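S.K.: Here are the chains, one letter per residue:
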Amino acid sequence: MKLNNFSTFLRGGLVCLGIIFSFNDLAVAQEVVVFSGRKEALIKPVLDLFKEKTGIDVVLKAGDSAALGQQIIQEASNPSADIFIAKESGSLEYLRLKGVFEPYVSDATAKIPERFKAGDGTWIGVCGRSRAVIYNKGLIALEDVPKTLEDLTREQYKGKIAAVNASNESFIAWVSALRIYFDDTYVRNFLKKLKANEIHLLSDSHTDVRKAVGRGEYPLGLINHYYYHLQREETDPAVTNVGIVYLDQGPNDRGEIVNVSGAAIIKGAKHLKQAQQFIDFLASPQAQQLFAESNFEYPLVSGVNTHPQVLESLNCSQASALDCLHVMEVNLDRFGELLESTTDMLDEVDWH
Amino acid sequence: MIKKGLDIIRALPSFLTVVVMTVPILCVFSFAMGVDGQLWQRLWATRIPALFTSSFLLVAIVTCTTLVLGGILAYLVERTDLPLRRWLKPLLVTPLITPCYIIAICYVNFFGINGLGEKFFYALGWEITLPAIYGFWGTVFVLTFGTYPYVYTIVSSSLHQLDPHLTEAARCLGVSRWARFCGLILPMLLPAFSAGAILVTMYVLSDYGVVSMLRYPTFVNAIYEQISGRYNYSTAAALSMVLIAVTVLLVLAQGMLTKKKYYASVHMRTKGIVLHRLGWLKIPSLFFVAGVLVFGLLLPIGILIFWFMQSLHLSALHRIWAMSWTELAHSGFNSIFISSLAATAAVVLALPLAYASVRRPESLVGRVYFFLSQSGIALPGVLIALGLSLIFSRTVPALNFSVFALFLAFLVHFFAQALQTSQAGLRQVSPKFEESARLLGFSPIRSFWLVTRPLFTPALMTAWILVFLSSMRELPASLLLRPAGFDPLTVKIWNAASEGFYEQAAAPALLVVILSLPLIFVIIKSQGKYTPSPESN
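Heads up: the protein sequence lines correspond to chains A and C, in order.
Under my numbering, the first sequence has 195 at position 205, and the numbering climbs by one with no breaks.
For my numbering, add 4 to where a residue sits in the second sequence, where the first one is 1.
There could be a bad hint or two in this list.
[As the list claims (entries may be wrong)] Keeping only pairs whose Cα atoms sit at most 20 Å apart, straight-line, the calculated SDA-like set for lysine to any residue is: (1) Lys150(A) with Glu140(A); (2) Lys150(A) with Arg219(C); (3) Lys260(A) with Phe299(C); (4) Lys260(A) with Gly489(C).
I should point out that these hints are in silico values taken from the structure, not numbers from a laboratory.
Keep in mind it's a predicted model, so treat the numbers as computed, not measured.
Take the sequences, apply the hints, and build the full model.
M.R.: Next up, the structure:
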């Protein structure tokens, strides 16, 4: 423990400084650097499978999409990332408009439907998710759960709904979608009404929302659909008594918003070949299957089935949930240009 | 003339150090100046008043609770006939081994409906409803148990050194016990209390982990959300500027409160202390101390161990997310690597500044340097990360989000710890030794090396360990500045726990605790010697 020799001390310091500056050059050829806005736990199985199949090492930085996006923009002249993975299309579109992505089209990416990828081949959707309402069956009966967007603002749900704050990407995209479908005044009023209805904004994470509803702290929560299924996977039976409702599903209703989580290659990527392999892998049936199985998301490639539990929750007899769900018609590629004004609007209504 | 030139060259390292320490803050400031008026208006109308109240309230209450708790514990251990007090005395410092945010992670899951606590009591046959810990009082609870040791250690060592003859004299003069306590002991302990209060205030004001885990909005997590969730740093910089102002005000206010009086006793005698007999209070007091140890140490560690055991047999679905041993070792190495780097650099850089401040206290430049280079400790890691990020993005983007940026953040943030400790250590080495060496014809550097250095090395070790420990537990700057593939342990803990995978967070959290354990005891042992005296703050 004792370090009496001062020169050892100094020498150690110098060696460390030496290492630090050589650290960045230790790049191995067989690797791909992935920046993921998706949480580490939700992307890890796929990365592991990729490594196993190709032998290519995945160097991961998991964080918030906007922070990673900032870094990609700043490093545009000398990028450290090869791949960017985002939770939803808004961040991808925002960065596409900044010109930091490298287009890539292949047989594999061609299998992704047009509406779930960028027209210029810069990014692909990897898996789909829709907004939904999770409810605690012990606290509220199915017939009392809100069925439409407007229901959420009703007096009877005052103080009973949990949601995420303005730092959550999926939520921002949801608000952007509403702005496209309605207009800004309507959406601003809607958000204000929700605030007046004492909606509880727990944090920036839907996991907190699903856990709070599962535990019985709140009867209702606004989530992405797969959080309901993740809650059902909890090992403790006391917290799995939850149900899911998709809003606006009547034959003439406007439907739920479906968004995609996607990926793109960074312009000037140091490991371009590996990055392309990675994108092909994400679009492959195997990876799609894994997203569907381990995270209950909607696979986008035909031939890969949605998880049976997801289909069951939708009363769906088709192979793909997207064929059963009534989807709100908005263009995903408008989310990018709206991103900043949406966050401004959320700040204005104090969505914190 | 030549001498003057030499002086400038000699002052250069110190000057550079000061520049490195202050530039990040200045950068945040200048960026905030450029924020447009409309944004300021909106922030003042929506966020700032609420954040101001919530941050200020939290700091005020936690400072009060820690002063009371730390003071009572110090008194019980030092001045009463509490049973087992010899054992309890060092044990009461041990909550420091668990970083506060880890305590918060444990309690989030322990308290609340269907939490671990309810299940535990249910297994014992009691059906109890435990309230959730989120919000203000939960945050106060966790921060109090996590930070009272700062107050406790300083106050108890001060009580330990308090001359019993003074109280004895007062007693002979017929002063009642209560009046003796209020009129004599409390004022003499005031410097110790205020030193503890400053440490707690700084800690609470810069805390990110606990307030985010417990969903209590303060400036720090509002700023963090802006940095990580927006493509524009304007709001972050504006809020940062307000936070800097709040910090400066608080530090000044506390300085004013405590500058007035300072007592010292020439004789330091600990013999002849009359212990306060607790009588019937003995058992309740013992329960009280035990309760503090349970909530501050045993329960969180127990929960971590419980999760760790569970993580060894997770279901297949969860196993795929679990952390492997190689990954754990890898991030453990990252943590140790970056922390020792920061610690080494901090000690090396602190040396000339500390030396100048002790040997040439009259130099104004030296004093200004000394003050400026300490600014990092008063400011949250979030702000330092923001400042560095702003600088690098405008100058050398390749260095932004690198190991080097992270290293620099730790260095700036914790430099003051190295500086204060080495200064306190140097004070104890009499300049006479060195002067004798000079008289014998040795050069200044050689006489420092031969005479002062050996006496001074233990203090440097303490300084090194302090910076190492702080760096290893730092959370927000690590989250913001790390490069891809370089996750320290804290990031692993946070990424798992913030998504609710508590079992996966247990292994890295326990590793942090285990690595902290021996180092903290080294520090406690040297506590009396090298903690900065309140006047040097």
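S.K.: Against this structure, judge whether each hint is valid.
M.R.: Cross-check of the supplied hints:
1. For the hint linking Lys150(A) to Glu140(A), the alpha-carbon distance of about 15 Å falls within 20 Å, and the restraint holds.
2. At most 20 Å may separate the alpha-carbon atoms for a hinted pair to count; Lys150(A) and Arg219(C) meet this at roughly 18 Å.
3. Note on Lys260(A) and Phe299(C): the hinted pairing is violated, with a Cα-Cα distance of about 50 Å set against a maximum of 20 Å.
4. The straight-line distance between the Cα atoms of Lys260(A) and Gly489(C) is roughly 15 Å, inside the 20 Å bound, and the hint therefore holds.
In the structure shown, a violation is registered for the earlier hint numbered 3 alone.
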